[in-house]
Amino acid sequence: MTVIEMRGLRKEFTVRVRAGRLRRTKRTVAAVDGVDLGVAEGEMVGYIGPNGAGKSTTLKMLTGVLTPSAGHVSVCGLAPVPQRTKLALRIGVVFGQRSQLWWDLPLRESFMLLRHIYRVPAADHAARLRRCRQLLDLDEFLDTPVRQLSLGQRMRGELTAALLHGPKVLFLDEPTIGLDVTSKQAVRSFLAELGAAGDVTLVLTTHDLADIERLCHRLVVIDHGRVVHDGTIEALHERYGSRRRLVVDLRTPLPAGFTLTGATLATVEADGHRVAFDLESAEAGTVVAELVAAAEIRDLALVEPDIEDVVARLYASAVPREPAPSRES
Amino acid sequence: MGELRAYAALVAGQWRSVLSYRASFAVETITNIGGTALDVLSVIVIFQAAKHVGGFTLREAILMVSLSSCAFVLADFTVGNIDRLKTYVRAGTLDTVLVRPLGALAQLLIVDLPLRKILRLTLGIVTFGVSLHVNHIGWTLPRVLLVLSAPIFGAVFFGAIFVLSASFAFWWVDSGEIGNAFTYGGRDFTAYPMTVYGGWFRSVFAYGLGFGFIAYQPGLALLGRADPLGLPPWAGYLSPLVALVAAGLAGVVWRAGIRQYRSTGS
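Residue numbers (this note's numbering), protein chains in the order written: chain A, 1 to 329; chain B, 330 to 595.
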């Protein structure tokens with residue numbers, strides 16, 4: 001069942017640009033430029049793209065914060081802006097850079113207020129809070145005012161706050177931004193557990209690709225307001241020709257002109273004592289067998305392609321389009 | 330029903346937030362009394378110079394200024410802080426309000442409810458009561474209803490102006506203090522009998538924009554005086570109508586503004 005649907009979704013902003021001493025020209029910029037996407041129930045989708053690509057704008061149109069300029073959008077069968085309050089009961093939203101908690105109140109009281117705001121039956125609320133307290137280790141700071149929490153503690157609080165009303169869809173806008181390694185891992189494993197249970201659809205934007213690798217089977221890459229990739233991480237590697245690499249430490253350098261079937265020599269280091277081959281979709285086993293037969297090997301490692309590299313190449317290759325026709329104001 | 334309890338819980342939460350800074354709350358509460366006292370004092374000062382102003386005695390004028398002031402402090406207490414909307418729009422923090430299952434306007438009003446102004450509100454009501462007492466009003470049922478409703482509808486009217494002027498921020502983020510011209514300007518205009526103003530100025534503000542129906546006309550009806558400007562006696566009972574038109578207009582503009590909201594990056 002489709003939970004989120006976007007067809008030809010578009011959001012334009014008018015930007016005023018200084019042109020000369022007093023004149024200013026208006027220019028229309030499309031932050032989101034015709035996005036078509038569907039997300040099925042229980043899916044975990046990672047949304048990535050460079051700064052200003054339109055990730056957050058899309059998320060804000062899905063949550064009813066921004067009105068689309070054109071196109072169709074529905075979440076849980078509702079139109080986000082006209083049915084904003086109804087939709088709010090069925091979704092949870094976490095903004096990595098904006099707190100939704102009561103700054104001067106203990107975390108516990110924020111949760112109580114949310115119970116009233118979302119009109120959650122006391123028993124359901126208690127059960128969900130108990131689960132979050134266990135999984136996110138909230139107990140040690142439950143009675144601390146939010147303003148005194150560390151960022152990692154606060155983010156754990158924000159996650160709990162977004163889940164206490166049992167949302168069908170959880171939107172996370174950069175949930176791990178600014179967190180230290182331990183807190184990032186705590187957030188990730190919590191989200192992984194949540195996703196594994198399968199009753200919540202998860203959409204997250206991030207700049208940290210480890211979030212995606214850990215959590216999302218499906219990856220949507222957006223740039224200049226358009227979807228440039230939609231599929232698995234593997235599909236992304238395949239499409240952009242990133243290959244696994246075999247790194248070999250040798251006792252003696254390979255003879256000149258040495259070749260392997262199904263692999264190409266990529267680098268030679270340490271006077272020929274360390275070489276790397278890029279594998280061409282061949283099974284690593286046969287390549288290693290051929291190499292062992294031909295040379296004396298001290299050590300070898302098979303390196304998975306780095307998603308950071310792929311995405312960096314992807315961002316670099318996406319050509320910015322011409323801005324929409326400008327009008328003089 | 331559920332929604333009302335949600336709003337009640339929010340008000341209680343706001344109260345507890347404020348009390349986490351007890352000392353500054355106490356100081357601000359007391360310093361806030363000054364405002365209402367000044368409103369009334371400024372009228373008294375004018376009457377020190379002249380026995381009659383615009384054909385009204387000091388006592389009569391104080392009834393009007395205290396009614397206007399009472400309505401204004403009630404509006405200022407409940408709706409006044411909506412002028413902070415511009416900071417929410419500029420910082421994009423309105424996002425967090427919009428993802429909750431409650432009305433955006435109501436949430437903002439509660440989150441910014443200036444509890445420190447509560448003594449000022451009390452003083453406004455007391456002053457209005459005293460001004461009624463010194464004017465020896467001949468009580469009838471319509472006048473009793475008028476006394477109870479006029480401050481409330483006056484507050485609705487001022488509240489609508491607060492919301493309207495705050496809504497500028499949706500279109501014009503850097504709206505600065507422009508809204509205050511309408512809110513505080515409107516209050517000061519309303520504080521005096523309309524007879525002190527002249528010509529087109531009076532026509533536009535008193536009748537065109539409706540400020541004359543908030544304190545002046547109800548004041549005349551309470552005093553049992555005919556309007557020197559010629560409106561019939563029932564004009565004193567028009568404040569609900571004027572207030573509801575203003576509130577309706579404010580609601581339309583507010584909703585249009587929310588749809589216009591642009592948020593900010595990230």
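Just so you know, these hints were derived from the structure itself, not from any lab. Even for Gly, the Cβ is constructed at its ideal location relative to N, Cα and C. Any given hint could turn out to be false.
Unchecked claim - So the derived list for chain A, only partly shown, Cβ under 10 angstroms to chain B, looks like this: (1) Lys-86; (2) Leu-89; (3) Ile-91; (4) Ile-117; (5) Phe-171; (6) Thr-182; (7) Ser-189.
Hint by hint, here is what the structure shows:
no., hint, in the structure
1, Lys-86, "holds (7 angstroms)"
2, Leu-89, "holds (5 angstroms)"
3, Ile-91, "holds (8 angstroms)"
4, Ile-117, "holds (5 angstroms)"
5, Phe-171, "holds (8 angstroms)"
6, Thr-182, "violated (24 angstroms)"
7, Ser-189, "violated (25 angstroms)"
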